[in-house]
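K.L.:
Residue numbers (our numbering), protein chains in the order written: chain U, 2 to 390; chain A, 2 to 390.
A couple of the hints might just be wrong.
To be verified - Restraint ranges, calculated between C-beta atoms of paired labels, are given here:
id : chain 1 : residue 1 : chain 2 : residue 2 : range
1  : A       : S220      : U       : I281      : 32 to 40 Å
2  : U       : D108      : A       : Y228      : 25 to 33 Å
3  : A       : T17       : U       : Q45       : 28 to 36 Å
What the hints assert, rightly or not - Just some of the chain A residues that point at chain U, by a computed CB distance under 8 Å:
id : residue
4  : M28
5  : S90
6  : E147
7  : C252
By construction, these hints were calculated from the structure, which means they are not laboratory data.
The structure presented is a predicted model; accordingly, all values stated were derived computationally and were not measured.
Every residue gets a Cβ at the ideal spot worked out from N, C-alpha and C, and that includes glycine.
Protein chains: 2
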Amino acid sequence: MNDFKIPFSGRAHNYTDEEVKEVVNAMQTADTLTQGIYLERFQQKFCDYVGAQHAFALNNATAALELAAQLAQLNEGDEVIIPGHTYTSSAYPFLKNGASIVWADIDLNTRVISAETIERCITPKTRLIVVVHLYGYGADMPTIMELAQRHNLIVVEDAAQALGVEIKGQMAGTFGDFGVYSFHSHKNMSTLGEGGMLTVKDKQIANIIPMLRHNGHCSFNYEQKYYWTPAMGNVDLPELNGKPLFPNNFCLGEVECALGIKLLDRIDQINIEKRQRAMIFIDALADHLELEFHKVDSRRHNYHLLAARLTNGDRDYFMQKMAEKEKIQCVVQYYPLYRYDLYKKTGQSKAKCPNTDLFFDNMISFPFSHKLSDEQLEVIILATKRCLV
Amino acid sequence: MNDFKIPFSGRAHNYTDEEVKEVVNAMQTADTLTQGIYLERFQQKFCDYVGAQHAFALNNATAALELAAQLAQLNEGDEVIIPGHTYTSSAYPFLKNGASIVWADIDLNTRVISAETIERCITPKTRLIVVVHLYGYGADMPTIMELAQRHNLIVVEDAAQALGVEIKGQMAGTFGDFGVYSFHSHKNMSTLGEGGMLTVKDKQIANIIPMLRHNGHCSFNYEQKYYWTPAMGNVDLPELNGKPLFPNNFCLGEVECALGIKLLDRIDQINIEKRQRAMIFIDALADHLELEFHKVDSRRHNYHLLAARLTNGDRDYFMQKMAEKEKIQCVVQYYPLYRYDLYKKTGQSKAKCPNTDLFFDNMISFPFSHKLSDEQLEVIILATKRCLV
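Please model the complete structure; the sequences and the hints are all you need to start from.
P.N.:
Pasting the structure below:
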């Protein structure tokens with residue numbers, strides 16, 4: 002089965018000559034290769050781009066979720082509401098930090114959670130909600146924030162797939178207390194395969210993240226007589242609300258940051274191109290009513306992925322024909338988390354998410370990367386038509 | 002104080018044209034930018050180079066220490082022996098995992114711990130020793146392993162600074178249960194500023210590290226009917242000795258791995274060149290008996306750093322003259338960990354390490370990177386002579 006004409010690529014986009022040049026330049030000239038000027042510039046430019054107060058570049062988006070889970074200071078027994086239909090990194094850091102999970106169902110049309118599906122999960126123990134802008138579609142944050150504020154809940158916005166997505170004129174990731182972004186190989190913009198960003202609103206939290214990110218390093222809280230006395234710097238245990246937090250090493254290198262700075266100039270264009278092609282794809286298959294897409298021709302969707310639900314017919318038979326006859330590798334994505342062994346073994350298998358189940362069991366994710374040619378896109382469309390008949 | 006003629010550089014070496022070309026090639030052609038073929042090749046080549054059974058590339062060496070601490074499955078109250086004179090990442094992951102630390106003193110000549118200084122720290126509660134090959138000098142592993150085996154202790158070898166160092170014909174990092182290596186910006190070989198490797202001996206442990214590294218991903222433990230049923234793969238909770246371990250995301254990107262493969266061809270040469278220059282430096286100052294170096298003209302030392310102890314005279318006065326008059330930035334390194342606020346606040350400030358204290362309070366680390374020119378090296382030597390008078 003490794004002879005796909007069009008595989009589901011592990012990589013979303015190519016690099017321009019200018020981006021390659023920037024990487025080479027940073028390799029050759031950066032004074033330090035980590036925790037230097039490119040990091041600062043990347044974070045500042047990211048803040049400016051999404052409209053965040055504080056942004057911290059990290060080695061990946063899971064690290065951003067780990068930090069959010071740590072900074073939420075959950076207690077044993079606290080409940081966290083998380084979509085059943087999402088990637089595992091959105092969930093397990095909260096389990097690690099002592100919470101138990103209540104799985105929120107998705108809306109069958111948008112494939113993301115809504116104020117309505119979240120509200121059903123709220124109990125007196127609820128402390129936090131993780132909203133995931135899955136597939137690159139921005140969930141209804143204004144309504145969700147209203148609900149969260151009414152119940153005094155922390156909101157983590159997992160915008161790993163939704164960089165540059167706007168919800169009523171505001172960037173995804175900037176509504177909640179924490180915004181999580183990914184520059185992983187699959188994403189619309191990737192910093193050499195791994196990378197992430199955490200944005201926060203609270204200044205007190207922003208102050209301790211550099212220590213949590215970099216092994217507890219900080220300055221001494223007094224003026225040093227010489228730069229080397231009593232040592233070059235301090236290593237401290239950050240505290241929040243009087244409770245200590247252990248540091249980590251979640252640093253992102255300078256070359257990746259230099260590339261990230263450059264890619265921010267192109268992310269809007271990539272998103273536009275992906276959306277335009279998604280429209281072509283969806284429209285070309287409009288007569289096939291049994292294949293249901295989520296069509297959103299606005300900045301609310303960046304079509305990081307292109308997924309459909311087969312509302313009538315045998316999904317597996319379709320997948321099989323696509324793979325074996327057409328040599329096109331479609332995949333299925335976001336196995337309901339409560340079905341995975343990790344969540345079963347940690348007592349998190351209970352869920353009442355009919356839409357999550359229905360969607361996943363009939364979904365098809367097409368091989369839809371930015372680096373596909375127009376010709377390849379056409380090949381997929383024609384093959385899909387043949388396999389639907 | 003930012004006008005140094007020779008600053009203590011945050012970066013140890015430059016990249017050759019061939020190394021730059023390799024990075025560009027991986028950027029342009031890698032099929033996926035993470036968890037792909039370069040990772041496998043880097044790990045295999047690393048195993049071949051150091052002579053390890055299993056190697057796992059990670060986002061940094063702290064991640065390797067975090068994994069070692071997790072895999073050691075320590076219990077509350079267990080004691081871990083760690084040198085007082087080392088970088089903080091060698092220590093705090095073990096605190097995080099519930100252990101308390103007993104600080105081992107260094108040998109004043111070698112600046113690393115020995116079987117003798119370790120033995121003094123052993124109690125019935127001791128479970129594990131972290132041996133750090135600090136400055137790039139290989140500690141006496143055969144003797145330490147004998148001691149560890151006698152007391153049934155787990156041995157973590159922190160060879161972050163000692164890649165390519167040989168101890169009686171065997172590579173540093175391959176004696177203990179865990180070997181930790183770093184490719185950080187400061188190190189003799191750096192994968193774009195961040196990167197690390199963990200080597201292990203135990204096959205059962207080796208089997209679960211890929212899951213611990215990558216969000217718990219694994220295959221289903223049965224043959225799938227189609228590649229997509231019931232999902233593309235499983236997410237599981239790894240178990241060791243019947244106890245679960247939470248996964249992490251400690252992945253290193255493909256471009257870094259491609260570069261790492263290339264750098265392994267050059268690490269021996271870099272180590273040789275650093276050692277040769279260290280000999281020149283040490284010999285040039287041989288008449289100044291008050292400046293005590295650790296001179297080892299063999300593969301036992303790679304001179305990642307070049308540190309000396311001022312046995313007679315005022316260290317701070319020397320440092321000040323070097324900085325202000327000569328504009329050369331020496332630094333002091335490895336503040337005894339028990340003096341940092343993090344270790345005070347976690348109850349780990351008790352220590353009986355007179356050599357650690359004596360060495361640190363009189364040490365000077367010269368700006369000694371591989372990318373220094375011969376002329377710059379000569380400038381530092383002459384300045385040192387002037388400041389010692």
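K.L.:
Compare the structure with each hint and give your call.
P.N.:
Hints, verified against the model:
Distance hint for S220/A and I281/U: a CB-CB separation of about 36 Å, consistent with the stated range 32 to 40 Å. Here the CB-CB span from D108/U to Y228/A is close to 28 Å, well matched to the stated 25 to 33 Å. One distance hint, 28 to 36 Å for the beta-carbon pair T17/A and Q45/U, holds here, with the actual separation near 32 Å. Hint status for M28/A: holds, given a least beta-carbon distance of 5 Å to chain U, under 8 Å.
Given the 8 Å rule on beta carbons, the hint for S90/A holds: about 6 Å separates it from the nearest Cβ of chain U. The beta carbon of E147/A comes no nearer than 32 Å to any beta carbon in chain U, farther than 8 Å, and the hint placing it at the interface is violated. The criterion of a C-beta within 8 Å of any C-beta in chain U is met by C252/A, whose closest approach is roughly 6 Å, and the hint holds.
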